[in-house]
Amino acid sequence: MGKVMTTADAIQKFVADGEFLFIGGYICRPPFAAIHEIIRQKKRDLTITRSNAADDFDMLIGAGCVKRFIGTFISLGLYGLARCYRRSIEKGIPHKIELEEYTNLSLPLMLMAGALGMPFVPVKDMVGTDLMNIKSFMGDNKYKMIKSPFDGSPVMLVPALRPDVAIIHVQQADEDGNAQMWGIGGDCKWGANAARKVIVSCERIVSRETIGKDPSRTIVPSFKVVAVTEEPFGAHPGYTPGFYDADLSYGYLYKEASNTVEGFQAFLDEWVFGQKDRTEYVNHYIQKFGYAQYKKLQAKFDYGYPVSYAY
Amino acid sequence: MSNHPDNYIKPELMACCGAREIKDGDIVVVGTGFPAMSANIARYTHAPDAMLMQESGVFDARPARPALSVGDPCLNPGAAMIGGLTDVMGMFLQGGWVDVGFLAGSQIDKYGNINTTVIGDYEQPKSRLPGSGGANPIGSLARRVLIIALHNARTLTEKVDFITTPGYLDGPGARERWGLPPDTGPQVIITNKAVMRFDKETKEAYLESYHPGTTVDEVVKLTPWELKVSEDVHETEPPRAEEIRVIREVIDPHRMIQIYEKRGYV
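Line order of the protein sequences matches chains A and B. Last residue of the first sequence: 311 (this note's numbering), numbering continuous. Last residue of the second sequence: 266 (this note's numbering), numbering continuous.
There may be inaccurate statements among the hints.
As the list claims (entries may be wrong) - With a Cα cut of at most 30 Å, we get these calculated BS3-like pairs of lysine-lysine:
1. Lys276(A) with Lys13(A)
2. Lys262(B) with Lys135(A)
3. Lys159(B) with Lys135(A)
What the hints assert, rightly or not - Listed next, the stretches of chain A that the computed footprint assigns to chain B, with coverage defined by at least 3 CB atoms under 8 Å from CB atoms of chain B:
4. 29-42
5. 120-132
Rather than coming from a laboratory, the hints here were simulated on the basis of the structure. A virtual CB, placed ideally from N, CA and C, is assigned to each residue, including glycine.
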């Protein structure tokens with residue numbers, strides 16, 4: 001059965017209310033086309049996870065899609081605190097999400113443990129701090145302190161995470177889902193491989209032969225992938241190395257809009273509910289801000305030495 | 001130009017204070033702003049072999065402009081190595097390779113504990129902050145942690161509302177009891193008024209030097225805990241001509257550092 005489909009079909013088929021999602025990205029390659037589709041399809045009660053979350057998670061929270069967040073950090077980067085997230089936690093708007101907090105060391109290692117089929121993993125951070133004193137829906141299973149069976153020293157164990165679905169945006173994939181990524185990785189590779197199924201959003205679909213020209217770049221193999229969606233400019237306003245830059249002025253627009261509930265709603269109406277898909281979104285962007293601004297974001301080419309795997 | 005030109009701004013002085021803490025050959029985990037600035041001043045002056053990495057997975061980046069975040073696109077081209085969080089935070093930091101980490105926070109106490117989680121009660125917060133991110137592991141595992149702070153009674157506090165990142169926790173021996181690696185922990189708090197260093201015995205921050213334009217008395221008054229003063233307390237050395245040249249000509253020709261003046265670093 002073919003895996004290439006629209007993002008709308010992929011989200012409808014493979015993301016159910018109440019499921020646990022890993023959503024890749026690190027300013028670099030947030031899968032925004034899929035994020036918007038999740039909001040359009042009004043998915044509910046999701047548990048979402050990633051280290052260093054940003055505007056994409058803030059939007060999902062503000063849109064009411066999220067019940068639980070296993071996180072480490074969330075902000076709008078340059079533009080400060082995440083507004084929807086704050087409203088949820090401080091004022092219960094649209095509802096108070098449940099929060100389990102880790103760090104940028106422990107959470108990626110929990111995803112790594114999930115990917116490697118390990119039940120848990122020892123970590124050296126978090127000890128002695130108030131991160132030990134806050135436990136939410138994971139309760140006493142947030143972590144365990146043990147004495148090392150080897151030398152008796154105190155060791156913190158944190159559980160493996162196995163998300164139901166991972167959604168990642170990469171530079172290129174083939175029709176079977178072999179997904180290739182380059183540039184800042186965040187926890188994308190472990191998060192994708194920890195999940196039971198993976199939705200790959202990509203800038204371009206390439207041939208299996210192209211994938212084979214540089215197989216070391218593949219971060220997820222085809223057999224884990226259930227859907228491949230081609231979404232050029234799909235990470236905007238985040239960036240994709242080799243394709244386009246981060247869009248700081250759009251980031252500012254989101255910050256201003258999300259300052260208020262009404263502004264946030266109007267933003268969703270314009271950029272999410274008002275657009276059928278990513279193609280319409282890009283057209284709307286060009287219409288509103290002009291082709292010059294769109295073009296300015298596009299990356300120049302700067303190829304390195306071509307790799308050869310010949311023998 | 002004299003050895004110490006007097007036309008510097010306070011953020012430049014603070015960046016230089018940070019740079020002087022970095023030794024040649026150090027492996028430094030940097031964020032954006034001050035940390036990146038300090039580490040680069042060091043690289044271009046006394047520590048050419050200091051090596052920088054970003055938690056997002058980048059080692060030895062060669063950005064064409066100052067990075068605005070640790071995931072900034074400009075960190076990609078030219079870097080010596082790019083991986084992910086488990087590479088930098090796992091292989092390098094937890095693996096014990098990182099000498100210096102830079103941290104900031106909304107609240108910092110006399111033991112160098114840092115709060116970036118919440119102001120007020122955790123369940124009923126006055127203000128919800130971003131959370132740990134990479135701060136807790138850096139504070140837990142880097143050999144020397146440098147803390148950047150605004151010198152006022154809101155940021156500096158007797159006791160933080162929430163310990164996101166460990167300094168010396170509740171005092172001598174606490175880090176060891178929790179199994180944190182030996183000989184790690186905060187070294188200095190660099191503020192817009194002073195440099196405070198941590199006492200080897202009591203683990204409390206004491207006044208080492210006050211910046212030009214302020215006095216010991218003023219710094220003590222602005223500090224909400226009973227600030228001990230070093231016997232050889234002195235004025236902070238202002239930026240040297242060479243440091244200023246590096247900042248303005250090499251690292252930050254567009255003077256992005258001025259944004260910190262607007263944020264109160266004056």
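Given the hinted pair Lys159(B) and Lys135(A), is their alpha-carbon gap at most 30 Å? holds (22 Å)
Three-residue Cβ test at 8 Å for the coverage of the region 29-42 of chain A by chain B: Since three or more residues must qualify, the claim that chain B covers the region 29-42 of chain A is violated, with 0 doing so at under 8 Å.
Outcome, coverage hint (the region 120-132 of chain A, chain B; C-beta under 8 Å; three residues): As far as the region 120-132 of chain A goes, the hint holds, because 9 residues have Cβ atoms under 8 Å from chain B.
Regarding the pair Lys276(A) and Lys13(A), is the alpha-carbon distance no greater than 30 Å? Holds, because 17 Å separates the two Cα atoms, which is no more than 30 Å.
Do the alpha carbons of Lys262(B) and Lys135(A) lie within 30 Å of each other, as the hint requires? violated (37 Å)
When each numbered hint is compared with the structure, violations occur for hints 2 and 4.
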